[in-house]
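Residue 38 is where the sequence shown starts when you use the working numbering, and the numbers rise one by one after that.
Simulated from the structure, these hints should not be mistaken for laboratory data.
The reader is advised that the hints may include incorrect statements.
[As the list claims (entries may be wrong)] Using 30 Å as the maximum straight-line C-alpha spacing, the simulated DSSO-like pairs for lysine-lysine come out as follows: (1) K372 with K362; (2) K169 with K102; (3) K239 with K203; (4) K372 with K404; (5) K334 with K362; (6) K281 with K264.
Because the structure is a prediction, the values reported are computed rather than measured.
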Amino acid sequence: MKSRNSAHIPQVVIRSFANKDSYPQTNTLDQSTFDEYMNEFDEQSSIESSSSSENSSDLEKSKKKIKKQINDKLNIIEKVEISSNTTLLSSSSSPKPKEIGGYYYLEAKEAIKEINKGKSILISIDNEFFEKSVSKVTEIGISIYNPNYQQNSLFPHIINIHFIIKEFINLRNGSFVPDSKMNNITGQSIIISIKDIPNALKSIFDKLPQDSFIVGHNISGDLTSFKYLNYKIPNNFKIIDTTKLWYNFINSKNVKSSLSFILNILNIPHSFLHNGVNDSYYTLLVCLTLSSENLCKNLKLTKFKNIIEENNNSSNKEDNLEIRKAKIQKLKDEKPPSFDEFTSEVADIKLKRWERKQKKAIERLIKNEKLTKGDVFDSIKIRCSLDDKVISNKGKISTIKKFKNKNPIVNTFYKPTKYENNELNQLLNELTL
């Protein structure tokens with residue numbers, strides 16, 4: 038009997054996954070724990086079977102029970118994986134938040150709706166950097182428009198503030214962008230130290246109500262640049278980016294969006310861009326223009342579209358560059374004509390004249406090639422005032438070049454003044470007129 042029972046004792050076999058890919062490898066149930074679980078089951082079953090062969094029916098029931106528990110656990114794992122996949126899909130398909138860098142950016146239609154209510158103050162900001170170091174902010178331009186006291190005004194009354202950073206006053210641009218630091222067309226600039234900037238900016242933004250809007254042209258860089266001045270603009274003000282208004286106006290994003298280009302298209306007279314307060318003032322004018330529904334409806338978009346296509350057709354630009362390069366090479370390779378029929382003296386004169394014409398033609402093509410590669414800085418100067426010397430010299434012939442009158446002096450601007458908190462508060466009091 039003993040030997041008979043021993044024949045029915047099953048041997049303990051170490052189990053493992055035959056096909057690991059068919060089982061889940063993540064979440065709760067690990068492969069090692071699963072193998073240990075099955076091995077413990079084999080040991081338990083061998084002990085139970087060795088005690089008595091009559092308990093085989095109970096053994097089968099326990100096997101079924103354990104298999105059921107395992108299947109239940111596997112089903113739970115599959116449900117967890119499916120739910121995690123659905124959450125990932127839902128998160129990826131959800132739209133991007135409007136908050137960027139902690140600031141709430143208004144969409145174009147929403148911004149136009151809020152501006153046309155005529156109840157919120159608009160504050161336009163623009164910072165200028167030293168062209169060789171972005172961390173050195175050289176100017177801060179601020180323009181404020183309060184529509185509450187000018188509902189029926191035909192022209193907006195705008196308060197302009199121009200801060201020139203004292204520590205960087207000698208850093209001048211000119212290699213990549215024009216140097217317009219001292220060309221403030223809106224009034225008198227203020228020279229301020231970096232340590233006084235947080236208090237000055239705080240006094241400005243504290244006077245603004247909570248429903249005011251901050252306006253800027255590609256404003257994200259300006260907002261982040263305030264960290265170099267030890268200040269952070271409060272994030273309770275909503276942001277209006279004029280590039281979004283421009284794209285909404287043109288109904289396309291495949292267009293140029295530089296401030297100078299938009300001002301030219303909208304026929305807004307401008308000068309001395311890349312000055313902090315000049316740019317903030319013009320940005321505010323662009324914002325008000327593109328937010329005027331009646332004005333936008335009456336503007337001839339067909340004319341604008343033709344201009345935009347001409348200025349933004351990159352393929353045409355590349356073709357023109359290639360054509361110019363070919364012409365330049367052709368002029369360089371061109372051999373001079375023979376002047377054998379003339380005397381040697383006349384032939385030399387004609388040869389030099391021909392070489393001079395070729396050189397000018399090549400220089401003209403090279404100049405046109407450079408102009409198409411980047412922005413062209415406007416060299417036109419505005420004459421703000423005339424003195425007695427200029428008036429007396431007007432009409433006289435210059436000794437340097439004949440038949441050319443002397444040009445009157447260029448812009449005469451206010452000299453910058455030192456920062457004083459009382460004068461700044463007095464300027465800001467105009468907002469409550």
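Consistency of the hints with the structure:
1. This hinted pair checks out: K372 and K362 have alpha carbons roughly 18 Å apart, not beyond 30 Å.
2. A threshold of 30 Å between alpha carbons decides the hint, and for K169 with K102 the separation of about 75 Å lies outside it, so the pair is violated.
3. For the hint linking K239 to K203, the alpha-carbon distance of about 19 Å falls within 30 Å, and the restraint holds.
4. With a C-alpha separation of about 23 Å, the suggested pair K372 and K404 falls inside the 30 Å cut-off, and the hint holds.
5. For the hint linking K334 to K362, the alpha-carbon distance of about 43 Å lies beyond 30 Å, and the restraint is violated.
6. At roughly 25 Å between alpha-carbon atoms, K281 and K264 fall within 30 Å of each other, so this suggested pair holds.
Figure legend: structure checked against the earlier numbered hints; hints not met, in rising order: 2, 5.
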